[in-house]
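S.K.: Starting from the known structure of chain S, fit chain E onto it as the hints suggest.
Now for the letters of each chain:
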Amino acid sequence: MLSIARLTKHYGDNLLFDLRDFKLDAARAYVLTGMNGAGKSTLLRVLAGLAPADAEGVHFAGEPVKLAPYPAALRRDIVYVHQHPVMFSTSVAGNIGYGLKARGMVRAEASKLVEEAMHWAGVQHLRGSQPATLSGGEKQRVALARAKVLHPRLLLLDEPTASLDGEAREQVLSLIPSLTQSGSTVVMACHDRDLINLPDVRRLKLRDGQLEEK
Amino acid sequence: MGLADAVRGAFGLLFDGDPVLWRIVWISVSTSVLGLLIATPFAIAGGYAIAMTQFRGRRVVIWLVQAALSLPTVLIGLLLYMMLSRHGPMGGLQWLFSQPGIVAGQVVIALPVLLAFTLAAVQAADPRLAETAIAHGASTWRVMSTLLYEVRFGVMAAIISGFGRVISEVGCAMMVGGNIAGETRTITTAIALETSKGEFAQGIALGVVLVTIALAMNGAMMVLQGDAHAARGRG
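Chains as they are written, first to last, in our numbering: chain S, 867 to 1080; chain E, 6 to 240.
Just chain E, same shape as in the assembly:
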């Protein structure tokens, strides 16, 4: 099949509502969103706590979080595979080659991204914000909610970046999910499989979906950055 035919076939699949293709998109988006929803509260609370608390070993924790950003997802997949395999410590869950397994992988992949971005956003906040909240009688929780609201654009950027990372990863989803059609086949694992079979049309169609998601994510980031500049104003 020539490139032109493959592209024509790809758009045909997209606009004809090919159920196999859209099932793959649904699995990718739903597992990514669920993974992100689970990771976000822990990561935001953790990032805030690390940024605001002085403790022994804090620099080591920050170093580890930042190092985790560059961990290959295939390595995370390997570790999870060993944990979730029949004889692994979490084998009883029977999550290997299932959507919960993929979601667990997305959580592990998203956590350091969300944590590092939230940590950076809170650290970059004007220290007078927290002091002003404290000096006006705010409780620990209110100081936290106030500060997170003040750095909301950074936190939203963290969530968008986290989503971009989990939806575009292939290594962990392949190893933990097993690329089972209709069950654990995601956009990226499907592209890898279809390309290896020489079936480019579905791969291109899924690539178009992935690029569209990436463009939407970056568009949202640009809007947020614009809002952040407007909120700062001349103050």
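Just chain S, same shape as in the assembly:
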């Protein structure tokens, strides 16, 4: 689904990573592990077009593309979710429908998809709530719904269970497998053992600027 012959990222003179033959298959889940500062979040941000990097031989869905300037096709098909997702100053339903509105989808169709996404994330009771009233776990679920509703080919999740505990963490964990079932490739940067040990998840480790499959 995504292949990059070579992807390098520098901070000044320092090399953060130099990845060769980086490949992601369609409808698969990957966990990306590594020490703090190894470049996990940066790699996700590069793939999302939020950080620059040097890339050679990039193919997405079989088509050759460039990462800079970031093409509209990738912007449409790749969605990135922050470690601590930020909500817009609108209702939960408005937040989930944000990307659909940005794509110019008609209101009736968007409402139907938003309703489905809220049901999937178990946040339908929060539909009219303002983001300021949400807990961390609720925000994370709303953020996942906001991403899933766009049916991205590639979903990039930065530490989706970080700073969550108890029931909130379990609820988020339970949503992850269904993302790949709906056809998305999911890459999660994480330290969470339960995420790393999810079934049918490929494990990638960033170490010393190289990517290892475990």
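No lab work stands behind these hints, which were simulated from the structure alone. Some clues are possibly wrong.
[To be verified] Estimated spans, in silico, between C-beta atoms of each pair: (1) E/R133 - S/M901: 19 to 25 angstroms; (2) E/M227 - S/R1069: 24 to 30 angstroms; (3) E/L69 - S/A893: 52 to 58 angstroms; (4) S/Y877 - E/R147: 28 to 34 angstroms; (5) S/S869 - E/A73: 32 to 38 angstroms; (6) E/W31 - S/H950: 37 to 43 angstroms.
Here the structure is a predicted model, which means the values were calculated and not measured. In this text, a Cβ means the ideal position worked out from N, Cα and C, and glycines have one as well.
M.R.: Here is chain E on its own, set in the frame of chain S:
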């Protein structure tokens, strides 16, 4: 005239609907609002662009904008006077000693205030907001409208501050407007003139109007700040 008589006379002018006094208030408010309306879109777009774009000389631009905040309005008036005078580059417009000239001055005075406040508001916004909008497929314009909506309280504070600055300035309105009765006489230029003539009643009445406007502006700012705190909530 004693102070008590002047104050009594001032409130008499205010409550009797003195046409000269209210004409002055109207000229002040209308030129200030018009100047602000013209300056606001440019300043907001400029403040947003400077905050969101990395370019060579950006720090110099920010430095100049912030320095322009402390420019004396009389200096702005002098520059505009030279531009608008008969032999100046904009002399053909014939705006000197006219309301359009005052409005042009208000635009120049309001721009740096609006620009600096908008720039500060956008810079203070959580960078994840713009990234989230981009990562969910928003166009450049939608990212801009989203972010400006998120910092709307800061932008509104910018507009209120800009209005406060233009309605209370005297130097530029005096030089460019010429303080012509019924045409370009504003609250501040009228106060200066009446005081110099020893006619305190109208000056005090106009001062009361100006203080009332200032109180209303600050009240609006406090309401906005309260709304901003409420919007932030525990998130």
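S.K.: Each of the hints needs a verdict: does it hold here or not?
M.R.: Hints and how they fare:
no., hint, in the structure
1, E/R133 - S/M901: 19 to 25 angstroms, "24 angstroms, holds"
2, E/M227 - S/R1069: 24 to 30 angstroms, "54 angstroms, violated"
3, E/L69 - S/A893: 52 to 58 angstroms, "53 angstroms, holds"
4, S/Y877 - E/R147: 28 to 34 angstroms, "30 angstroms, holds"
5, S/S869 - E/A73: 32 to 38 angstroms, "52 angstroms, violated"
6, E/W31 - S/H950: 37 to 43 angstroms, "51 angstroms, violated"
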